[in-house]
Amino acid sequence: MLLTSPMNLDQTLRFEIQKAVQHLFSSTADQFQLQPTNPEFEGSHTLVCFPLTKISKKGPEETAKLIGEHLVTHTSVVSGYNVVKGFLNLVLKDAAWLSVLQAAHREVNFGHLPQSGKEIMVEYSSPNTNKPLHLGHLRNNFLGWSVSEIYKAIGYTVHRVQIINDRGIHICKSMAAWKLFGNSETPESSGMKGDHLVGKYYVEFDKHYKKQIEELKQKGISQEVAEKEAPIMQLAADLLRKWEARDEETVALWRTMNGWVYAGFEATYKRMGVDFEKLYYESDTYLLGKEEVLKGLERGVFFKRDDGSVWVDLTADGLDQKVLLRADGTSVYITQDIGTAILRFRDFPNIEGQVYTVGNEQEYHFKVLFLILNKLGYAWAKKCYHLSYGMVDLPTGKMKSREGTVVDADDLMAEMVTEAEQQTRELGKIEGLTVDEARQLFEMIGLGALKFFLLKVDPKKRMLFDPNESIQLQGFTGPFVQYTHARIKAILRKAAELKIQVSSLGETINLEKSEREVIQVLNRYPEKVKEAAAAYSPAIIANYVYELAKEYNQFYQAVPIFSESDPAKLHVRIALSEVTAKVIRQAMGLLGIRVPERM
RNA sequence: GGUCCGGUAGCUCAACUGGAUAGAGCAUCAGCCUUCUAAGCUGAGGGUUCGGGGUUCGAGUCCCUGCCGGAUCACCA
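Position 51 (the first sequence) corresponds to 51 in the numbering used here; numbering is contiguous.
There may be inaccurate statements among the hints.
What the hints assert, rightly or not - Pairs of lysine-lysine residues, derived as DSSO-like cross-links and limited to a Cα-Cα distance of at most 30 Å, are as follows:
no.: 1; residue 1: K152; residue 2: K118
no.: 2; residue 1: K322; residue 2: K367
no.: 3; residue 1: K242; residue 2: K179
no.: 4; residue 1: K242; residue 2: K217
By construction, these hints were calculated from the structure, which means they are not laboratory data. Computed from a predicted model, the values in this text were never measured in an experiment.
Construct the entire structure; sequences and hints are all you get.
Following this line, the structure appears as structure tokens:
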């Protein structure tokens, strides 16, 4: 074994550099920059020497030379170096890379950390129950799911939850339209998916509402008054009042229509490949915050105005005053979020924090929420994080549900799968597959393409969804990575047929350039996972796994495997392939994307 | 108007938190299938990193300023 104990190569190198600096300049350098070497130079790791000139009291070039020389003569991993300006490029021995490969090969969950006992909660999806899920929800769900997987990979127990906005004026609008124009239509009678059926009546409501407003305005009534007095809106408002008063018939209708929606959502979630450990319903939690706010009021955290409304003063934090309870004592949106947050920490006392996957239009809201929870004295407030993501735009502009420009989640998934099927058939890749296997493959590829497309962009940034581009299966895409995996699997099947078993790798082999490069990328996986977790960014994983697949494909094309006569080299290539397939599967798993055995 | 994001190749995105001559994919052009899967690989062209100042060995990245786009600042959710 070249490497000492569980220390990985980078740690070893850092340790050796520290020792070298200590020895040469009698000073400690705890902070120094070790970065991957620019491909145009020889080496794998580069030490940036400018900052070290302060303690070396020498120019950057000379500092670099001294350290490089010392590392070559005093360590077992560095074989050579070159200095370009102030950059010290280190060339490591192939034996060092082989032991990296060996270690990665041995570890079943290479790059993932063991259970740490830490727990965290991730909220995502959280739809309204008046219409089906759309493209924006897809980004939300994929992000939330992926971040959960990433946290599991660094040792957390993750509790996935959502809050379902099942009450309020929006669902009452669908109910009102259904009562007026529905003729008792049901998912069964119409053959429509429940969420789509309810969504249809939401649209129906809006259509009639607009018409009625126009009619009232014709009669000389102002826009503002017309909006309130339109009969259909009056009906919706009436239903909301009745619902809050627990009117039996209204609650029954509400329950029925929400039931339709849940059945529809269920099917959508299933196809998306996401699920939840616990569901919170707004109808259960919307009153919860009030008590907490009143307690806060007693303790002087909040204050009351003359009209009886309760407020929080956040001017010291650079924000405004925000209302928490109306004069009539009813809750507002943020009040219930306060209650829900506290409830969740009671339900899951061991979680250290919550991640809220919610669009960036609510950034202000979460800033306020976390500040309030902090003021109420909850230490965990500091561990709450708003995973804020940008809107998904279409080439035609913003998605507007009223203008009918929303991209429906079910439709989109179906299109992606159809497209995957078409292209797969064209390429003649379904030979030897059963009908069911083929169907599963199309599903895997179509959804892989979609998820990868939505996750490869930094969550914080708004992104453009171009349907033509998303359906691409070449280049920087999920199917490209899936394809690479399938290709490797073909090699491994052949290796198994030939009874090639990789156990221990020699240390005296000279690696090909492309082999070394693949190992270098593999070596980065563990830190990438940590980085992705710290940044709550699946995009880091997507970029990484793409780079890995690309690197492997270069190796694949440059170096033959089974025609290799030296068994030691053959074993290295098989091991390299095994580890790459493993990391691709794991990394894609972090994105919620499955990989096929053949495609 | 205040606050917060963003502006990088024709298009969509990266750039390890201040490091080397700013990288990928798509699109365009030119090559590579009798050898492990061509959904692949190789190469070419394509840039004033929105403009202007500043900080320093070094700036796409930090500071100031202007321009453009978006979000938000509800007793809506």
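For this session: Please work out if K242 and K179 have their alpha carbons no farther apart than 30 Å.
Result: Within the cut-off at roughly 14 Å; holds.
Exercise. Taking 30 Å as the top limit, are the C-alpha atoms of K322 and K367 close enough?
Worked result: holds, 12 Å
Exercise. Holds or violated: are the alpha carbons of K242 and K217 at most 30 Å from each other?
Worked result: The given pair, whose Cα atoms are some 28 Å apart, holds under the 30 Å limit.
Exercise. Taking 30 Å as the top limit, are the C-alpha atoms of K152 and K118 close enough?
Worked result: holds, 10 Å
Violation of the numbered hints given earlier is absent; every hint is satisfied by the structure.
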